[in-house]
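2 protein chains.
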Amino acid sequence: MMKKLLLASTSTIYGSGYLEYLMPTLETFFNGVKNLLFVPYARPSGISYGAYTKIVSEAFKKIDINVVGIHTFSDKNKAVENADGIFVGGGNTFVLVNELYDQDLMEVLKNTIVKGTPYLGTSAGSNIAGLTMQTTNDMPIVYPPSYNTLGGIPLNINAHYLDSDPTSKHKGETRETRIKEFHIYNKIPVIGLREGSWLQVDGDEVVLKGDLAARWFVKDKEPIEIEINHLIVI
Amino acid sequence: MMKKLLLASTSTIYGSGYLEYLMPTLETFFNGVKNLLFVPYARPSGISYGAYTKIVSEAFKKIDINVVGIHTFSDKNKAVENADGIFVGGGNTFVLVNELYDQDLMEVLKNTIVKGTPYLGTSAGSNIAGLTMQTTNDMPIVYPPSYNTLGGIPLNINAHYLDSDPTSKHKGETRETRIKEFHIYNKIPVIGLREGSWLQVDGDEVVLKGDLAARWFVKDKEPIEIEINHLIVI
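Protein chains in written order, with the working numbering: chain L, 467 to 700; chain X, 467 to 700.
Because the hints were derived from the structure by calculation, they are not lab data. Each residue gets a CB set at the ideal place from its N, CA and C atoms; glycine is no exception. Any given hint might turn out to be false.
[Said to hold, decoys possible] Ranges of calculated distance between the beta carbons of each label pair, as one might list FRET restraints:
{"no.": "1", "chain 1": "X", "residue 1": "Met-489", "chain 2": "L", "residue 2": "His-636", "range": "20 to 30 Å"}
{"no.": "2", "chain 1": "L", "residue 1": "Thr-640", "chain 2": "X", "residue 2": "Asp-668", "range": "49 to 59 Å"}
{"no.": "3", "chain 1": "X", "residue 1": "Asn-577", "chain 2": "L", "residue 2": "Asp-686", "range": "35 to 45 Å"}
{"no.": "4", "chain 1": "X", "residue 1": "Asp-631", "chain 2": "L", "residue 2": "Glu-573", "range": "24 to 34 Å"}
{"no.": "5", "chain 1": "X", "residue 1": "Lys-687", "chain 2": "L", "residue 2": "Tyr-609", "range": "23 to 33 Å"}
[As the list claims (entries may be wrong)] Below, a list of computed lysine-lysine pairs in the DSBU-like style, where the Cα atoms sit at most 30 Å apart:
{"no.": "6", "chain 1": "X", "residue 1": "Lys-542", "chain 2": "L", "residue 2": "Lys-635"}
{"no.": "7", "chain 1": "X", "residue 1": "Lys-528", "chain 2": "X", "residue 2": "Lys-576"}
{"no.": "8", "chain 1": "L", "residue 1": "Lys-685", "chain 2": "L", "residue 2": "Lys-469"}
{"no.": "9", "chain 1": "X", "residue 1": "Lys-520", "chain 2": "L", "residue 2": "Lys-520"}
{"no.": "10", "chain 1": "X", "residue 1": "Lys-635", "chain 2": "X", "residue 2": "Lys-527"}
{"no.": "11", "chain 1": "X", "residue 1": "Lys-527", "chain 2": "X", "residue 2": "Lys-469"}
{"no.": "12", "chain 1": "L", "residue 1": "Lys-637", "chain 2": "X", "residue 2": "Lys-646"}
{"no.": "13", "chain 1": "L", "residue 1": "Lys-637", "chain 2": "L", "residue 2": "Lys-581"}
{"no.": "14", "chain 1": "X", "residue 1": "Lys-637", "chain 2": "L", "residue 2": "Lys-646"}
{"no.": "15", "chain 1": "L", "residue 1": "Lys-646", "chain 2": "X", "residue 2": "Lys-544"}
{"no.": "16", "chain 1": "L", "residue 1": "Lys-470", "chain 2": "L", "residue 2": "Lys-637"}
{"no.": "17", "chain 1": "X", "residue 1": "Lys-653", "chain 2": "X", "residue 2": "Lys-637"}
{"no.": "18", "chain 1": "L", "residue 1": "Lys-520", "chain 2": "X", "residue 2": "Lys-542"}
{"no.": "19", "chain 1": "X", "residue 1": "Lys-687", "chain 2": "L", "residue 2": "Lys-646"}
{"no.": "20", "chain 1": "L", "residue 1": "Lys-653", "chain 2": "X", "residue 2": "Lys-653"}
{"no.": "21", "chain 1": "X", "residue 1": "Lys-544", "chain 2": "X", "residue 2": "Lys-528"}
{"no.": "22", "chain 1": "L", "residue 1": "Lys-520", "chain 2": "X", "residue 2": "Lys-685"}
{"no.": "23", "chain 1": "X", "residue 1": "Lys-469", "chain 2": "L", "residue 2": "Lys-637"}
{"no.": "24", "chain 1": "X", "residue 1": "Lys-685", "chain 2": "L", "residue 2": "Lys-470"}
{"no.": "25", "chain 1": "X", "residue 1": "Lys-687", "chain 2": "L", "residue 2": "Lys-637"}
{"no.": "26", "chain 1": "L", "residue 1": "Lys-646", "chain 2": "L", "residue 2": "Lys-581"}
{"no.": "27", "chain 1": "X", "residue 1": "Lys-527", "chain 2": "L", "residue 2": "Lys-637"}
{"no.": "28", "chain 1": "L", "residue 1": "Lys-581", "chain 2": "L", "residue 2": "Lys-500"}
{"no.": "29", "chain 1": "X", "residue 1": "Lys-520", "chain 2": "X", "residue 2": "Lys-544"}
{"no.": "30", "chain 1": "X", "residue 1": "Lys-653", "chain 2": "X", "residue 2": "Lys-581"}
{"no.": "31", "chain 1": "L", "residue 1": "Lys-527", "chain 2": "L", "residue 2": "Lys-544"}
{"no.": "32", "chain 1": "X", "residue 1": "Lys-527", "chain 2": "X", "residue 2": "Lys-637"}
{"no.": "33", "chain 1": "L", "residue 1": "Lys-635", "chain 2": "X", "residue 2": "Lys-576"}
{"no.": "34", "chain 1": "L", "residue 1": "Lys-635", "chain 2": "X", "residue 2": "Lys-581"}
{"no.": "35", "chain 1": "L", "residue 1": "Lys-635", "chain 2": "L", "residue 2": "Lys-542"}
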């Protein structure tokens with residue numbers, strides 16, 4: 467079996483419902499999947515696991531996929547191993563990573579991805595598919611035991627990538643500045659995924675999909691634009 | 467002696483030079499200070515300690531204060547203890563905190579603040595004057611051994627505070643959402659300091675100064691606006 471990942475910048479684009487823009491793609495991606503295991507640990511706005519799972523469940527009803535929250539299983543390791551497909555939703559990346567370590571799920575998730583179980587990530591769920599969570603935009607509201615993540619792809623993702631506004635009077639760092647600072651201390655390449663774009667991973671092939679070009683950052687080089695349908699070579 | 471802190475949201479406001487808007491205030495704040503100890507560890511854009519110290523040195527020449535970088539001392543603990551005044555500059559908060567722990571300087575800085583040595587912080591340098599660095603906007607580009615910081619004030623700061631743009635089509639979290647998520651897991655009150663504003667601390671008194679109101683976040687309450695010259699009661 468080959469790795470099969472779909473890593474989206476965001477779950478929701480402006481003026482559209484939850485996962486709506488992705489549904490046609492997900493119908494193909496999750497072809498044959500009856501039960502989808504959902505990981506609600508990133509808790510956007512502190513929402514409960516149950517409430518978050520309900521939102522996801524509603525969205526997947528449209529393509530006849532049944533969603534079950536990982537929090538409902540007593541043996542969560544087994545739930546991951548046996549899943550037809552896995553979806554890790556967005557929220558706070560620190561909270562998500564902390565909980566995955568706390569529940570001892572990082573290793574089994576990693577192995578399950580390698581085994582070929584289809585994995586969907588949005589936002590924080592996409593961040594953790596990279597080598598480390600160190601290009602998250604989130605606040606460190608909890609202290610995870612490590613920043614290392616699944617390494618399903620040999621790069622890091624910056625979700626919700628935002629271009630600098632040349633008319634801005636704000637003096638906080640731009641996203642580009644932050645990622646360049648990451649490269650003072652780290653060598654991992656980073657892809658800035660604009661909202662509405664995603665990475666489609668088949669085995670070792672990583673391809674940019676969606677509506678918008680992405681920004682590609684390599685240590686000691688000027689960032690460049692990557693076009694849609696472009697194969698990303700590390 | 468009483469605690470004496472000046473904690474600014476930013477070093478630089480739009481259309482003005484480095485620290486320029488603060489200089490009249492700093493002349494009074496650092497009255498009697500001949501040698502200012504500068505901590506360049508936050509390294510904005512990865513700038514070297516020497517280059518960063520030079521920028522700060524140029525700015526303080528205008529008010530006849532001599533600036534010395536902490537990196538030039540062999541005994542950095544003693545340098546902090548003997549300083550007339552201390553300035554911790556902005557940059558990446560994770561890098562700053564990591565280096566302060568690495569050099570074993572967190573404790574001596576804390577004691578020196580309590581002793582009454584005047585402390586100036588901008589951006590990351592202001593963040594670390596709070597109880598924890600967990601309301602930083604920065605990327606976790608290095609992994610510090612702890613998020614606990616100086617606790618010079620019994621609250622946390624969010625520097626470069628940005629109001630949500632109601633016309634935005636971006637689906638990333640707003641600053642307000644991020645701070646509310648912090649309060650799902652933490653009880654520490656948070657002040658969102660807009661650029662051009664600062665906190666002036668005299669002993670136990672914390673007063674908002676500058677041009678703009680600040681945003682005040684308390685766990686389980688709706689955030690409110692705090693006006694300039696307002697005494698902040700925890």
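Hints, verified against the model:
1. In this structure the hint that Met-489 (chain X) and His-636 (chain L) lie 20 to 30 Å apart at CB holds, the actual value being about 21 Å.
2. Hint check: Thr-640 (chain L) to Asp-668 (chain X), Cβ distance near 35 Å, so the stated range 49 to 59 Å is violated.
3. At about 40 Å, the beta-carbon gap between Asn-577 (chain X) and Asp-686 (chain L) stays in the expected band of 35 to 45 Å.
4. About 41 Å separates the C-beta atoms of Asp-631 (chain X) and Glu-573 (chain L), a value inconsistent with the hinted range of 24 to 34 Å.
5. The given range of 23 to 33 Å is respected by Lys-687 (chain X) and Tyr-609 (chain L), whose C-beta atoms sit roughly 25 Å from each other.
6. For the hint linking Lys-542 (chain X) to Lys-635 (chain L), the alpha-carbon distance of about 37 Å lies beyond 30 Å, and the restraint is violated.
7. For the suggested pair Lys-528 (chain X) and Lys-576 (chain X), the alpha carbons sit about 29 Å apart, so the restraint of at most 30 Å is met.
8. Our distance criterion of 30 Å between C-alpha atoms is met by Lys-685 (chain L) and Lys-469 (chain L), whose separation comes to about 26 Å.
9. Of the pairs offered as hints, the one joining Lys-520 (chain X) and Lys-520 (chain L) is violated, with about 56 Å between alpha carbons and a cut-off of 30 Å exceeded.
10. Proposed proximity of Lys-635 (chain X) and Lys-527 (chain X) is contradicted: the alpha carbons are some 45 Å apart, above 30 Å.
11. Our distance criterion of 30 Å between C-alpha atoms is met by Lys-527 (chain X) and Lys-469 (chain X), whose separation comes to about 25 Å.
12. Taking the CA atoms of Lys-637 (chain L) and Lys-646 (chain X), the gap is about 23 Å. The hint holds against a cut of 30 Å.
13. A hinted pair counts as satisfied when its Cα atoms are at most 30 Å apart, and Lys-637 (chain L) with Lys-581 (chain L) does not qualify at roughly 46 Å.
14. Taking the CA atoms of Lys-637 (chain X) and Lys-646 (chain L), the gap is about 23 Å. The hint holds against a cut of 30 Å.
15. Our distance criterion of 30 Å between C-alpha atoms is broken by Lys-646 (chain L) and Lys-544 (chain X), whose separation comes to about 34 Å.
16. At most 30 Å may separate the alpha-carbon atoms for a hinted pair to count; Lys-470 (chain L) and Lys-637 (chain L) exceed this at roughly 40 Å.
17. Between Lys-653 (chain X) and Lys-637 (chain X) the alpha-carbon distance is near 27 Å, which keeps this suggested pair within the 30 Å criterion.
18. Of the supplied pair hints, the one linking Lys-520 (chain L) and Lys-542 (chain X) is violated, its CA atoms being roughly 55 Å apart against a limit of 30 Å.
19. For the suggested pair Lys-687 (chain X) and Lys-646 (chain L), the alpha carbons sit about 37 Å apart, so the restraint of at most 30 Å is broken.
20. Simply put, Lys-653 (chain L) and Lys-653 (chain X) have alpha-carbon atoms about 36 Å apart, too far for the 30 Å limit, and the pair is violated.
21. Taking the CA atoms of Lys-544 (chain X) and Lys-528 (chain X), the gap is near 27 Å; set against the 30 Å cutoff, the hint holds.
22. Straight-line distance between C-alpha atoms of Lys-520 (chain L) and Lys-685 (chain X) comes to about 26 Å, which keeps the hinted pair within the 30 Å bound.
23. Taking the CA atoms of Lys-469 (chain X) and Lys-637 (chain L), the gap is near 28 Å; set against the 30 Å cutoff, the hint holds.
24. Distance check on the hinted pair: Lys-685 (chain X) and Lys-470 (chain L) sit about 41 Å apart at the alpha-carbon level, beyond 30 Å; violated.
25. Under the criterion of a C-alpha separation no larger than 30 Å, the hint pairing Lys-687 (chain X) with Lys-637 (chain L) is consistent with the structure, at around 29 Å.
26. Simply put, Lys-646 (chain L) and Lys-581 (chain L) have alpha-carbon atoms about 34 Å apart, too far for the 30 Å limit, and the pair is violated.
27. Note on Lys-527 (chain X) and Lys-637 (chain L): the hinted pairing holds, with a Cα-Cα distance of about 23 Å set against a maximum of 30 Å.
28. For a cut-off of 30 Å, the pair hint linking Lys-581 (chain L) to Lys-500 (chain L) stands: about 18 Å separates their Cα positions.
29. Restraint check for Lys-520 (chain X) and Lys-544 (chain X): the C-alpha separation of about 22 Å stays at or below 30 Å, so the hint holds.
30. The straight-line distance between the Cα atoms of Lys-653 (chain X) and Lys-581 (chain X) is roughly 27 Å, inside the 30 Å bound, and the hint therefore holds.
31. Proximity of Lys-527 (chain L) to Lys-544 (chain L) is assessed by CA-CA distance (about 24 Å); at most 30 Å being required, the pair is judged to hold.
32. Of the supplied pair hints, the one linking Lys-527 (chain X) and Lys-637 (chain X) is violated, its CA atoms being roughly 45 Å apart against a limit of 30 Å.
33. For the proposed pair Lys-635 (chain L) and Lys-576 (chain X), the alpha carbon gap of about 34 Å is over 30 Å, so the pair is violated.
34. Distance check on the hinted pair: Lys-635 (chain L) and Lys-581 (chain X) sit about 37 Å apart at the alpha-carbon level, beyond 30 Å; violated.
35. For the hint linking Lys-635 (chain L) to Lys-542 (chain L), the alpha-carbon distance of about 48 Å lies beyond 30 Å, and the restraint is violated.
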